[in-house]
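Protein sequences appear in the order of chains A and B.
Using the numbering used here, you'd call the opening residue of the first sequence number -9 and step up by one each time.
Using the numbering used here, you'd call the opening residue of the second sequence number -9 and step up by one each time.
Please note that a few of the clues may not be correct.
Remember, identical chains collapse to one label, so a pair may be satisfied in a single copy or spanning two.
[To be verified] DSSO-like, lysine-lysine: derived pairs with alpha carbons at most 27 angstroms apart:
no., residue 1, residue 2
1, LYS547, LYS335
2, LYS372, LYS175
3, LYS379, LYS175
4, LYS37, LYS379
5, LYS375, LYS175
6, LYS283, LYS80
7, LYS294, LYS99
8, LYS372, LYS335
9, LYS283, LYS335
10, LYS294, LYS37
11, LYS37, LYS340
12, LYS340, LYS372
Hints are computed from structural coordinates only; laboratory data are not their basis.
There are 2 protein chains.
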Amino acid sequence: MSADPRLLANAIRALSMDAVQAANSGHPGMPMGMADAATILFTEYLKYDPQDPDWHDRDRFVLSAGHGSMLIYSLLHLTGYARPTIEDIKGFRQLGSPCAGHPENFMLKGVEATTGPLGQGFAMAVGMAIAERHLNAVFGDDLVDHRTWVISGDGDLMEGINHEAVGLAGHLQLGRLNVLWDNNKITIDGATDLSTSEDIPGRYRASGWHVVACGGHDFDSIRRALDEAVADPRPSLIDCRTIIGWGAPNKQGTSATHGSALGAEEVAAARKQLVWDSEPFDLPEPIVAEWRKAGARSARLHEKWRARLAASAHREEFVRRMEGRLPDGMAKSDYFDWLAANPQKVATRKASELALEAINTVLPETIGGSADLTGSNNTKTKAQKPLTKEDYSGRYIYYGIREFGMAAAMNGMALHGGVIPYGGTFLVFSDYCRPAIRLSALQGARVVYVMSHDSIGLGEDGPTHQPVEHLTSLRLIPNLAVFRPADAVETAECWALALERREGPSLLALTRQNLPQLRLERTENLCARGAYRLRGAGAARRVVLVATGSEVELAMKVADALEGQGMGADVVSMPCWSLFDAQEPAYRADILPDGVLRVSIEAGTTLGWERYTGPDGIRIGLDRFGASAPAEDLFQRFGFTAEAIVPQILAAL
Amino acid sequence: MSADPRLLANAIRALSMDAVQAANSGHPGMPMGMADAATILFTEYLKYDPQDPDWHDRDRFVLSAGHGSMLIYSLLHLTGYARPTIEDIKGFRQLGSPCAGHPENFMLKGVEATTGPLGQGFAMAVGMAIAERHLNAVFGDDLVDHRTWVISGDGDLMEGINHEAVGLAGHLQLGRLNVLWDNNKITIDGATDLSTSEDIPGRYRASGWHVVACGGHDFDSIRRALDEAVADPRPSLIDCRTIIGWGAPNKQGTSATHGSALGAEEVAAARKQLVWDSEPFDLPEPIVAEWRKAGARSARLHEKWRARLAASAHREEFVRRMEGRLPDGMAKSDYFDWLAANPQKVATRKASELALEAINTVLPETIGGSADLTGSNNTKTKAQKPLTKEDYSGRYIYYGIREFGMAAAMNGMALHGGVIPYGGTFLVFSDYCRPAIRLSALQGARVVYVMSHDSIGLGEDGPTHQPVEHLTSLRLIPNLAVFRPADAVETAECWALALERREGPSLLALTRQNLPQLRLERTENLCARGAYRLRGAGAARRVVLVATGSEVELAMKVADALEGQGMGADVVSMPCWSLFDAQEPAYRADILPDGVLRVSIEAGTTLGWERYTGPDGIRIGLDRFGASAPAEDLFQRFGFTAEAIVPQILAAL
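Starting from the given sequences, assemble the full structure and let the hints guide the process.
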């Protein structure tokens, strides 16, 4: 660079404090503190092309300290991305501006991940770095050869998920992952030593990381540290000793700069201190020109890459995978024919494994894993080799006892593109990764959660391990498709829907216990409508039984008993509420008609089922914690038997 | 001890493998591997009295690796607790036995915490150790002077929450906390090196812990390590190098012993290996006698303590606090009178602070805190000094950016007794600590969660920070009271209910934005009924508007508009669903009558509201993620205005 980087950095500082001041809301301290390091990163190290933000081989940059969103908005604007425009930045934190309070990946190109919930950006970057190494192993250096960069704050590092992410990255020796730690010793409540006494570099070294320190406002020191990080084969933590709010003469170095506007007076004082004479949002042309030049730095690399791609034998497959398109003909799998001919009485977790055997064979982009429950979640198929530091081409990850880290890593992998991650744990431990499931949904990331042991049917492990409220609490998350299949056919159908669902995550709730195959004929994908009539009433219909998962078998028994007494009963299987809610009213009215008694059966909390049963219906469920006993005893104890349910129905009729 | 500790330990091994074998379900490997260390702990170090398991000054022991539940059941039985009996142990994992799959604090005295969800036992122990030091600072060595012991497995240490717990314990220098790490290098998926390469002692040292190693099957080595741990002023990690399933000759040292019965053949082989001739569940009398003697070890200490208590000036107050009784006259606080006379137009988070000023003055057992959002959650009252390693008498904890660790620590504090913990974060980050909230509920722990910024009303921070699905997802957790007060009076009422609720946790969802005081007269606690008629219809009633929190004000405006058109509208405030559901049918029918249009208004997902509106009612809510903008713009954009709601009601009438 010919220009003084301080001048370039001050453009970030000015934009940041001006935007926060205009919104009278936001976080100026972090962008002002990290402006110098970010300037060096974006003008000298980061590989990207503002003219084509989707360049598959770009470096990924994640602002894990997402509250400092003005840093990334400034950088994108200055380096020449089409958006945000200066008008967008003037609209910071206002309705309609893509410059949201925290960076949203669906608002702006160049924002690789939605960040703000602390710790998760970092952990998603680990997933991106995994995806990069995996695709590199599959497609070679010519097509995939990039780095993942992160800016993290103290909050990111204090969150529990950081331990999981650091452990995973260290174990897999993700040397392409470089994290700049904004070590400003300030959190919202005050100095970090109010709440922590940790030797952070010591902890990172204990997990196999390389750690290097630099003066966060000393450009040569920053360069030396970044060089060292790039050269080291381990993941690197770059300890940037910074001053929060650098440039604001009276407030810098204090938590006062963290989460609110500096105030007109301090902004004026900072302008003076920074020798920055321009009006708010006005950027000196020479500085903009230097930034644009920096933004164009990698255009030639990009051109060469394009040529290599054009010449590559892998071109078509690579592009298909990076664009997230499934191969043609996926839906016509022979597996459904095989199931129709060979009914399986298996747990749906086992049915999921059977489906995965078919899927993983034809879909090379799946990467499976489990948070240390491989044999219980049935997530590993026979041909899957582990992805290890010695062999990144493997397609199975032993995530360890790191549910949250796994989920966030899967988000990062999905956002990186080129892979479709799925990973397992027990349904009850969806709570452990719930913040990442929410981010899958918000970001529209195609992640498939394989959650087995989905009710008291898991038996002896008891209430700590028995999900009760989880199904409906997950159904509440917008844009998450929650599937609870009833047999092997539905499990395969739900898997197909999950894979086809490019717009967001899916979660499969699967049984520990065996279930009979209820669907014996080859049909279209009936789960696609969310709910369907599995069996119509024989006698005149008086009842509609609606059930999910393992309770569909029970509903069939209840229907048999009712029919035996001359009461017609439909059995409706409802594997996915949200898909059903999206059907036409006529379809919904046909499946759940008025004027008959509607009864829901699900081994979980009843709240929410009123939507389908109406107030006069019956909701068979479990509105308390479970207990430790064999599954059959629990189903008996909690009334999940035809003997217990039929009298309630007869009484209501 | 005169007896060979190996013989004593083998009694644990025999009971554990026999019980798991009988249940054909469970985890023998851990109890067999840790039997030696646990024997030394329970026969030579731990201070407890099986004749009085509730002795307030007993050491606390937490089996964080809760899957190894047969270890604690064996220990309690052998040392002479009334339960579990040998019959209880024969019923391991069966309905009706207190020997549940995982240890449940509500099933057995001597089980200090419900464990199994990994990482949480350890983190609860940190809370117990905090409570101990605090009470010691308040009541002195004479009454409070004990240790907290933990047995943790690799899973506990790999979970993210471990980082938070270790950081907090190290920062507060909880030297009375000693953790025995069952370092057997095995997890469910296989060897730990499948998924981790961490230098665990290095990480602990980096957080200010003392680490000492021992041979886990070498009694002198165990003693040396425990002595060193006891002597060191820092919290200690005792690295016990063990062999999982020690004694099972063909399976020990492998994951095959972790989570399933050894099988009859291997049990027989282990009997041979251990030279253990007794029949299953049959314990040699001399060994039982030695164990009982060990169990009686601290009886004399207990007697002396009783004498000190009897003589103590603090006796009454100490016992009141340890038994969890509130002081008399709490309910008659002048604060309600003051509010009636001085209506407050404040955010409910501020109203919570006002209530806390009154509460903390009269209730010395409250310990507040926040996960680095003190100024936002309004959790700190003026007189509260911080609890620090220099001064444990403080009543405010800067938990740092550790939501999950905070929640688990609060569980531990509540379980320890003598304190009532409350702690804050943003409502959206309830997801980060949800697994601990669930354990508060399951364990019946009186913890108060103060969760502010409870809707899109938080404004500019955007969808990552705006709870949408959270209120109802929390309402789904059994035994959790979720309160969403509408003004300063309701906030104080909900606080009173939360404090009086000894049987479980409460969560207060509080606004960022100001709300008018709607309740101007001094009344009984109306929130106690969960929902109540805030204002009856003026004109003939056509509509009942049901709202919570900040939307009650909006419901009043909607009612005004309807009344202006001659349509009578009740306004019902519903701060707590579960309390309302527990009312008599007649009360519920009076508040939510049939035959009129029922309309719910809440700035969150609508699923679940069908319970109160019926299918023909209207549910005003937000079934999508929010957006970044000032609060007023968001309420406008998403239809939370009288102008948007009234026409929908008129159309439905």
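Practice task
Please work out whether the CA atoms of LYS37 and LYS340 approach to 27 angstroms or closer within one copy, between two copies, in both situations, or in neither?
Solution key: Neither: 44 angstroms inside a copy, 47 angstroms across copies.
Handout entry: Intra/inter-copy verdict for LYS372 and LYS335 if alpha-carbon distance must be at most 27 angstroms
Key = within (20 angstroms within a copy, 64 angstroms between copies)
Problem - Same-copy or cross-copy closeness of LYS283 to LYS335 [CA-CA at most 27 angstroms] - result: neither (64 angstroms within a copy, 53 angstroms between copies)
Problem - Status of LYS37 relative to LYS294 across identical chains (alpha carbons, at most 27 angstroms) - result: For LYS294 and LYS37, only the intra-copy Cα distance (13 angstroms) is at most 27 angstroms; the inter-copy one is 72 angstroms.
Practice task
Since the copies are identical, ignore which copy is meant and state whether LYS294 and LYS99 lie within 27 angstroms (CA to CA) inside a copy, between copies, both or neither.
Solution key: within (22 angstroms within a copy, 71 angstroms between copies)
Exercise for the section: Measure nothing new, just compare the shortest in-copy and cross-copy C-alpha distances for LYS375 and LYS175 to 27 angstroms and report within, between, both or neither. Expected result: between (43 angstroms within a copy, 22 angstroms between copies)
Exercise for the section: Pop the pair LYS547 and LYS335 into one bin, within, between, both or neither, using alpha-carbon distances up to 27 angstroms. Expected result: Answer is within: at 16 angstroms inside a copy they meet the 27 angstroms cutoff, but 58 angstroms across does not.
Problem - Alpha-carbon proximity context of LYS379 and LYS175, limit 27 angstroms - result: between (33 angstroms within a copy, 19 angstroms between copies)
Problem - Homo-oligomer pair classification [LYS372, LYS340; C-alpha up to 27 angstroms] - result: Answer is within; shortest intra-copy Cα gap is 13 angstroms, inter-copy 58 angstroms.
Handout entry: Intra- versus inter-copy proximity for LYS80 and LYS283 (alpha-carbon distance at most 27 angstroms)
Key = Within one copy only: 24 angstroms inside, 76 angstroms across.
Practice task
First find the shortest C-alpha distance between LYS372 and LYS175 inside one copy, then the shortest across copies, and answer within, between, both or neither for a cut-off of 27 angstroms.
Solution key: between (49 angstroms within a copy, 25 angstroms between copies)
Handout entry: Homo-oligomer pair classification [LYS379, LYS37; C-alpha up to 27 angstroms]
Key = The answer is within: 24 angstroms in one copy meets 27 angstroms, while 47 angstroms across copies does not.
The structure fails to meet hints 9, 11 from the earlier list, while all remaining hints are met.
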